[in-house]
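Here the protein sequences come in this chain order: A and B.
For the first sequence, the working numbering begins at 1 and goes up steadily by one.
For the second sequence, the working numbering begins at 1 and goes up steadily by one.
There's no promise every hint is true.
[Stated by the list, open to error] Computed Cβ-Cβ distance ranges for the label pairs, DEER-style: (1) A:A329 to B:W225: 30 to 36 Å; (2) A:D8 to B:S177: 47 to 53 Å; (3) B:R24 to A:H10: 56 to 62 Å.
Hints are computed from structural coordinates only; laboratory data are not their basis.
The beta-carbon is built from N, C-alpha and C at its ideal position, and this holds for glycine as well.
Spelled out, the chains give:
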Amino acid sequence: MRPSATFDTHTIAEIQRAAETGIYAIRGFGAKRAVPHFDDLLFLGASMSRYPLEGYREACGTDVVLGTRYAQRPLRLDIPVTIAGMSFGALSANAKEALGRGASMVGTSTTTGDGGMTPEEREASDRLVYQYLPSRYGMNPDDLRRADAIEIVVGQGAKPGGGGMLLGQKISARVAEMRDLPAGIDQRSACRHPDWTGPDDLEIKIAELREITGWQVPIYVKVGASRPYYDTALAVKAGADVVVLDGMQGGTAATQEVFIEHVGIPTLAAIPPAVDALQELGVHRNGVQLVVSGGIRTGADVAKAIALGADAVSIGVAVLIALGDNSPALADEYAALGTAPGRYDAWHEGRDPAGISTQDPELEARLDPELGARRVANLLRVLTMEAQTIARACGKSHVHNLEPEDLVALTVEAAAMARVPLAGTSWVPGNPSTSPGGPQ
Amino acid sequence: MSALDTPPVTTLDLDEQGLRAVNRTLQEAPDGARFAVTSPGGRHAIAAGLRSAIEVDVHGHAGYYCAGMNQAATVRVHGNVGVGVAENMMSGRVEVHGTAGQSAGATAHGGLLVVEGDAAARCGISLKGADIVVKGSVGHATGFMAQVGRIVIFGDAGPALGDSIYETRIYVRGAASDLGADCVAKEMRDEHRAELAALLAAAGAPDADPGDFRRYGSARTLYHWQAP
Ligand SMILES: Cc1cc2nc3c(=O)[nH]c(=O)nc-3n(C[C@H](O)[C@H](O)[C@H](O)COP(=O)(O)O)c2cc1C
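Construct the entire structure; sequences and hints are all you get.
Below, the structure is given as structure tokens:
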């Protein structure tokens with residue numbers, strides 16, 4: 001009766017599924033296996049040598065300005081948590097509207113996705129970031145000029161090196177029209193930009209986008225975490241105002257499982273090299289902002305990402321859960337789909353009982369954008385208050401004052417990746433000037 | 001419009017005014033205005049983001065993204081252009097009286113791009129509805145993932161023509177010896193000869209014979225992949 005650690009239940013089921021169908025598994029959500037993450041870090045609260053701030057009474061700032069390098073109108077956010085790019089197509093129009101309204105309620109931004117900008121989304125969002133993707137679906141200069149920031153997508157953490165997919169069930173007439181594709185086809189988006197290759201071209205592309213938008217709005221470059229030191233340095237060299245770094249745990253609407261679980265590096269491991277690049281170029285917290293995403297769930301994650309050097313974070317899966325994804329209330333419907341609350345990831349199939357990852361009008365109608373917006377705003381508020389709680393405990397009057405020095409790691413791996421000491425020691429693996437036995 | 005109504009041509013010199021000032025003038029010009037842009041010097045993004053029915057003649061060679069995202073304007077380049085001429089054009093007309101670099105007319109949604117000479121690789125990549133007429137030959141992967149719109153090639157097509165093409169129609173007069181994945185030769189019916197004749201006339205080649213061209217398009221075998 002001994003189960004195999006090598007051939008575990010999931011692995012066996014996957015081999016059986018492959019043998020039956022002859023095609024790889026596609027799914028939504030992010031990486032599901034455990035990789036070193038923010039849970040492996042802890043904050044050192046203030047004590048004798050540091051003064052904490054009073055919760056509720058003493059101010060702890062959370063505002064962030066993105067795009068201070070070149071943009072005449074940088075994006076000013078009240079909180080350091082933004083909503084990541086998720087396409088209309090992957091998500092229903094109601095879901096997109098709810099995200100825009102929820103973000104606006106708490107003074108932050110939301111982002112379009114691989115499919116263009118819908119009027120509802122523009123209307124609902126005080127601050128809307130417009131993605132400029134390899135597919136260029138729905139891309140047009142009017143929407144570009146309507147955007148509050150532009151995000152050039154080079155890659156995504158769930159699939160660095162891969163393009164989007166949207167299966168036929170979700171290519172409704174409206175989605176097809178926005179993307180100039182035949183309705184009902186299984187769509188695979190390009191993985192390379194059609195008119196630039198490499199960082200030297202990207203510099204010229206960024207200059208063109210600035211010419212077309214009159215140098216008004218910030219231009220971000222989003223990369224999936226694989227070689228973050230070089231990618232960050234090259235994005236800065238190409239003229240980015242903001243670098244968006246998405247770790248391997250980052251969510252997706254539809255990607256091959258093998259891609260989600262085996263390509264890219266964890267968010268935790270990606271931040272320090274990106275910060276190194278920014279510091280070496282003299283732009284860290286000084287001209288170019290870093291936005292980190294991929295598996296951010298709590299205010300502790302927000303605070304840890306910022307302490308390691310991010311200016312803000314971006315979230316995807318967590319806001320979908322806030323909207324009602326994977327809710328226990330839908331247990332019966334999930335059972336009918338062969339799954340259960342907490343496990344549902346077939347976002348590519350378009351049969352989402354919560355009305356989020358679907359284009360079916362009946363399912364979509366289940367999602368009330370106003371109620372959804374309130375839930376999203378609540379989550380964003382809680383993440384912010386939690387991050388403030390931690391910052392105050394560390395004696396910081398602004399979340400940006402959190403720093404690596406406030407952190408220790410629970411595991412040797414996390415200590416090495418985050419470059420902070422193993423808890424209870426002064427040892428930072430990989431840093432020869434520290435040792436396991438030194439003072440703390 | 002009689003000769004008297006024709007507005008005078010305003011000359012904008014890029015060496016004297018710089019790119020930002022010249023582009024701003026062009027982007028803010030009212031319908032009907034006419035401009036000559038001089039000293040382009042291979043600069044990038046010349047006449048990008050235009051949005052009114054103006055006429056612009058660029059005298060010399062332009063770099064990347066000349067007339068990028070054009071809306072309504074007519075831009076004539078009297079020279080060669082670099083990568084991405086008329087990329088993502090929405091409407092209007094762009095003429096290159098020379099040769100074009102890679103990705104000419106990439107992702108363009110509308111309007112007409114005419115290249116008098118050759119165009120390099122990936123001409124009309126991910127085309128989304130515009131028309132492209134190249135009077136010379138084109139490089140590899142022309143019409144890659146092209147979705148809607150038409151591409152007309154007077155000369156030869158490079159390798160992997162129309163790879164992963166969707167509903168774009170490609171017409172070739174010269175050789176097209178290497179077709180990309182899912183791209184096939186298709187029957188020329190009357191409706192195709194008629195649309196081609198109209199395109200040839202619009203591109204200033206009314207004497208070219210549609211009967212000399214062959215049509216290529218999607219076999220549509222990649223439209224569905226069998227997923228679990
Ligand atoms: C449903 C869904 C759709 C997405 N669509 C896009 C997209 O169109 N473009 C993009 O750059 N990233 C897309 N992403 C990735 C997100 O922008 C973001 O990088 C990721 O969700 C962050 O990780 P998290 O979900 O763990 O917070 C999508 C993610 C999800 C969950």
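Status of each hint after checking the structure:
1. A:A329 to B:W225: 30 to 36 Å: holds (34 Å)
2. A:D8 to B:S177: 47 to 53 Å: Between D8 of chain A and S177 of chain B, where Cβ atoms are some 51 Å apart, the hint holds.
3. B:R24 to A:H10: 56 to 62 Å: Since R24 of chain B and H10 of chain A have Cβ atoms about 58 Å apart, the given range 56 to 62 Å holds.
The earlier numbered hints are all upheld by this structure, with none contradicted.
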